[in-house]
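The residues making up each chain are set out below.
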Amino acid sequence: MRLVGRVAEAAFVGPYAHLAVEIPGWKGAQSGQFAMIQAAESRCFLARPFSVSDDETHIETTPGTHHAARVSFLVDEVGRGSGELAALRVDDRVHVLGPLGRGFAAAGAVAPAARRTAACPAAGVGRGGAGRLVIVAGGAGIAPLPLLLREIESRLIRSGVLVLAGFRSSREAQALCILDDGLERLRRCRIPSEVGITTEDGSFGFAGMVTDLLDRDLQPDDTVLVCGPSAMCEAVWKVCRRHGVRRAWFSLETLMACGVGSCHGCVTRVADGTLTRVCRRGPVMAGEEAFGAEEETT
Amino acid sequence: MRLVGRVAEAAFVGPYAHLAVEIPGWKGAQSGQFAMIQAAESRCFLARPFSVSDDETHIETTPGTHHAARVSFLVDEVGRGSGELAALRVDDRVHVLGPLGRGFAAAGAVAPAARRTAACPAAGVGRGGAGRLVIVAGGAGIAPLPLLLREIESRLIRSGVLVLAGFRSSREAQALCILDDGLERLRRCRIPSEVGITTEDGSFGFAGMVTDLLDRDLQPDDTVLVCGPSAMCEAVWKVCRRHGVRRAWFSLETLMACGVGSCHGCVTRVADGTLTRVCRRGPVMAGEEAFGAEEETT
Amino acid sequence: MSSRLHTHLGPMFLEYPVINASGTLDLLETADALGLDGDYRVPVAAYVPKTVTMLPREGNPTPRVAEVAAGMVNSIGLPNEGVKAFVADTLPRLLNLTCPLIVNVAGFSRDEYVSVVERVSRALADELGSDKGTWAPRVGIELNVSCPNVDSGCMSIGTDAEEIARLTQAVRDVWPTPLLLAVKLTPNVTDIASMALAAEEAGASAVSLVNTFKGLIVDRDTLKPYLGGITGGLSGPAIKPLALRCVFEVAAVVDIPIIGMGGIACTQDVVEFMACGASVVAVGAAGFVDPWLPARLAEELEEVLCERSLTLSELIGKIH
Amino acid sequence: MSSRLHTHLGPMFLEYPVINASGTLDLLETADALGLDGDYRVPVAAYVPKTVTMLPREGNPTPRVAEVAAGMVNSIGLPNEGVKAFVADTLPRLLNLTCPLIVNVAGFSRDEYVSVVERVSRALADELGSDKGTWAPRVGIELNVSCPNVDSGCMSIGTDAEEIARLTQAVRDVWPTPLLLAVKLTPNVTDIASMALAAEEAGASAVSLVNTFKGLIVDRDTLKPYLGGITGGLSGPAIKPLALRCVFEVAAVVDIPIIGMGGIACTQDVVEFMACGASVVAVGAAGFVDPWLPARLAEELEEVLCERSLTLSELIGKIH
Ligand SMILES: Cc1cc2nc3c(=O)[nH]c(=O)nc-3n(C[C@H](O)[C@H](O)[C@H](O)COP(=O)(O)OP(=O)(O)OC[C@H]3O[C@@H](n4cnc5c(N)ncnc54)[C@H](O)[C@@H]3O)c2cc1C
Ligand SMILES: Cc1cc2nc3c(=O)[nH]c(=O)nc-3n(C[C@H](O)[C@H](O)[C@H](O)COP(=O)(O)OP(=O)(O)OC[C@H]3O[C@@H](n4cnc5c(N)ncnc54)[C@H](O)[C@@H]3O)c2cc1C
Ligand SMILES: Cc1cc2nc3c(=O)[nH]c(=O)nc-3n(C[C@H](O)[C@H](O)[C@H](O)COP(=O)(O)O)c2cc1C
Ligand SMILES: Cc1cc2nc3c(=O)[nH]c(=O)nc-3n(C[C@H](O)[C@H](O)[C@H](O)COP(=O)(O)O)c2cc1C
Ligand code: FES
Ligand code: FES
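The listed protein sequences correspond, in order, to chains E, H, Y and Z. By numbering that gives the first Met the number 0, the letter at position 93 of the first sequence is numbered 92, and the numbering carries on one by one without gaps. By numbering that gives the first Met the number 0, the letter at position 3 of the second sequence is numbered 2, and the numbering carries on one by one without gaps. By numbering that gives the first Met the number 0, the letter at position 9 of the third sequence is numbered 8, and the numbering carries on one by one without gaps. By numbering that gives the first Met the number 0, the letter at position 75 of the fourth sequence is numbered 74, and the numbering carries on one by one without gaps.
Only chain E is shown next, with the shape it has when bound in the complex:
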């Protein structure tokens, strides 16, 4: 059922709009999942896909009680649809269809979420083996990370978490603040974590691309999770191949009219040569599945 959400918080983090939406009836999302959202008084015909940035649906504050479903989105204003969303104010209504698609867990990148609790979990079972979890985000691709950090805090990540985020400039890098809580929780759960930032203009963090940073110390047994523009995803996959990393997952972005498999608008050609619907088989796909394993010519 399409749901109606109420904007509970609306603020800008750098150039991006950060919306917290209360959505009665929302079932709870996994990181990497998305929703089709649209301002209630929209001049757009179609909804637009946005990653669930954070989701406090299933968090028990005290045993047995739940938060009201409260779902966050991070919106980069690139056109009319995103512009309308970015202009929303508290109490405005939003139409929501979701959660949709395969998130990181369903795609096999992280173990499926157990029932999470707000308190630090006693133990969890990760799939990360010996390697680190390396999370790579570009620009508004940072969106799904808060929920992702929530999920991994309940796993045992022996070698820790490395977050690499690339931005155009220090202005975009302000969006990093949406990770503060999650990183703090990792610390409390004693999961070693490190953050590396790049900006294209060097105005914050390392000057350059996020792939430069990744290239420096990627290890073959690392697990890499990637959210960002297509070009960045492909570049990251190249770096992964070069370093012998096979465990890499990518959240793909294509044009989506429906988000549920009806329109065949969102297809992309995947490694097996077929055109596949990203909204159904993705948006999270393994690197080999999406881009294939041919040797790079570089």
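If you are wondering where the hints come from, they were derived from the structure by calculation, not from laboratory data.
In silico DSS-like links for lysine-lysine, alpha-carbon gap of 27 Å or less: (1) Z:K83 to Z:K131; (2) Y:K317 to Z:K223; (3) Z:K317 to Y:K223; (4) Y:K83 to Y:K131.
On the provided structure of chain E, position chains H, Y and Z with the ligands as indicated by the hints.
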């Protein structure tokens, strides 16, 4: 040139939205003139015609100084276009084309406005002869009256002004408050004035139609000015004919796409048998011109 | 839904007069995407899957969709698994749905249409038994002669009244009366009424109006055609007045029922299409925003009928 | 406006490539309505008055306009004073404008078109002298064979390529080359390119694309046709993708210039129409909201050309 206005005040008077809009470049309107207006972020394709309700453009507060152009509209929410206007808030933008059309003065109903001043004018020349000025309004047809009252305060109206306003119920009748200032100024200018109110459900004033009240004491030498739905206009014209009143002017309403004579959408059949563009020859037209002089069969 | 909405489409009983437009609702995928069980309440009175062709098709290059004022333009290009996989994998699942099924078929020649329908028939004989009379309430065929997004066949048939007649006749031979045979027409013609008449005279039991209007999107960056398929089909509220005109014109000349579609997004739209002469309406692209829209519109339609004190059959064709 | 925008439409020099669509801008009335002087700066590079017919016409019953999603439907029905009053009263005033004039003409038979053009010609001879060569930069004719809102003639000619050819030829005999003769086509046809080709081969010096799309509005209260003329013509942003497709298809087959129109409301729209092959564009219904729109779009077009480092002629047909 189409102008851009800023909503300076937005409030409801009964069910109607009352907007005060600051419009740089506005040239000043006569009562009965209208503007094509449209919310800046509109989902409508076309602007909609609304009477200028009040206009403080040409009022000198102290000699030589002018108010910023500040134009009021009274909006009855009947569909999408009027609904968007009624939903406007302070600082929202409005596109404005106008003032347009023949107002009461240009149609010959009242003498053209001299340069008006906020202070009570020493004297003025009306055309009213011996009779009263009877202003009949129905529902949101009350809109142009504030500006009309402003205009007649500078005329010498020997036998005074009678305002008759008909509403559905007491809720709509709340809109009368927009006349308070004008009536007060008439008093200060020693122009005798009287107000008669009817409501269909009898919840305020006389129970019945405004034409009932009119029928009671209309005089042949009265000058009648009418603003309201078409059915009311025609009913008033019948009453005028019956009482031998020939000096009656009506502000007509039709569908308008352009407001400036381009589209031929706003035509109505007038007394001479032709279809005429109301936006150009009207909206204010003399009763004989609009409805003809055939004897009524009642 | 209340009996006030009960209706028939040829030999098919429909619980309410709202279905989906082919290619705009994949019921199985949607149910799965939304985590619904297999036996959830289907949101349509009859289900029309995406067009099936003889051979599997990949569809057109990307981008395939773009939003425009009050609508969208698509150039999907009829991707589908081909009739062989369709009858083997999909058809049995669709026959398990609680509503009737209208299989939408296209081909690149008359023979191909006939072959696809024959394949479907054979599969149905396996599933439902060989007595075709018993299929009538459960399965129908819609011939898509109107897709603007493929190179040959299809729309070139739909713009030629004689071709429409020949095709309808040929399919009727393998898909006999009383089985539902709807012909889905393109509005990209000078005179859609003559196309509908041709279909009716050749034995169609319904016409579906309309498929999309041929349009073009310019890439705002490169100023080249934006869609991978160069041109595409416009749908959504933008085309509603045009689609209503088509239904109005066709209803004036044919006696078979009309499945009306084109921009339906709210209950008022449903009322207008039915008033123009549609017996049943189909929700297309507006269903992308809300897959439950058809059922919701049906519920609201019932309220409108009550308010207006109209029966469904009084509403249908009220404009004429 | 800057020389960057200077262009030609056949024999006519235009200061910029933006004009108005017939029936959507009455320059004299508008100037008067807005209290402008007679010699104010006209907001179009050439002015196209509303269609003139042989006899005066009252037009269709009301209501004549209705707003719909992203546009409007009109059923105005070509009200006009008739050619006699036009040449006597209006034409002299229009010849006083600072821009060229394109007189839009319709008839209910081929002869009527020819007669109207002859009447206009005679009046022009009085006003401008009998040497037609000197008229060419100042006056052109546009044949409206595409109005969906009148009963006979007009659109019935525009849907028949042979009729278009015969009409164009007949008018060419009385309105000889090099005078501008544009044929304004209807999009309500199966194949608009063949209509344009017919016009070109018969001697048209330009084609105007497109007139409105035939649509219907249902009265929401009575459920009867809302417009007095029953059906009407859809225009506005809703039709832009369809109009662009028409221009794209026609530009691929004709060599004469195209006057592109249909939903133009912003500068990006102008860029898209020109990229599809329009040499000149016309602002229609969007001008109702702002009569200065054509000139404003031209100013903004210049900025776009600068930003993109394109000349006007590089922009025209860039898509092909
Ligand atoms: C000179 C003039 C002055 C006016 N002054 C005022 C004023 O001061 N205050 C005020 O409140 N109003 C005034 N009006 C009336 C006001 O313009 C209309 O109420 C307003 O335009 C309605 O627009 P809407 O979009 O809200 O309503 P709608 O009625 O939803 O929109 C109108 C559109 O719907 C179409 N439409 C209408 N009826 C139907 C139907 N039955 N079926 C299908 N389509 C339909 C119309 O063609 C039109 O396109 C004035 C009108 C005129 C001409
Ligand atoms: C699974 C997924 C998750 C996402 N998560 C996020 C997120 O968390 N945050 C975020 O900011 N973004 C996210 N995006 C991207 C986001 O969906 C898009 O930025 C958004 O849809 C843009 O819509 P718009 O209307 O603002 O932009 P527009 O680009 O104006 O609108 C898109 C429309 O314009 C058309 N169009 C695009 N380019 C052209 C062109 N050159 N010429 C003509 N037409 C064109 C398209 O076909 C489409 O119809 C995600 C995307 C996906 C698929
Ligand atoms: C994305 C998309 C895909 C479509 N695919 C098909 C199809 O496969 N077969 C078909 O007959 N019609 C197809 N159509 C046309 C619709 O069934 C319908 O006729 C058209 O979209 C008009 O309705 P609407 O305006 O409500 O969308 C498709 C339409 C869209 C928007
Ligand atoms: C109200 C109205 C009246 C029109 N009258 C005429 C006309 O008299 N002659 C003509 O050739 N086209 C006429 N047209 C068609 C326009 O010139 C134009 O071709 C069409 O509206 C498409 O452009 P648009 O979408 O920008 O409005 C009219 C259009 C409208 C909206
Ligand atoms: S977005 Fe519609 S099929 Fe994927
Ligand atoms: S409103 Fe357009 S001519 Fe009067």
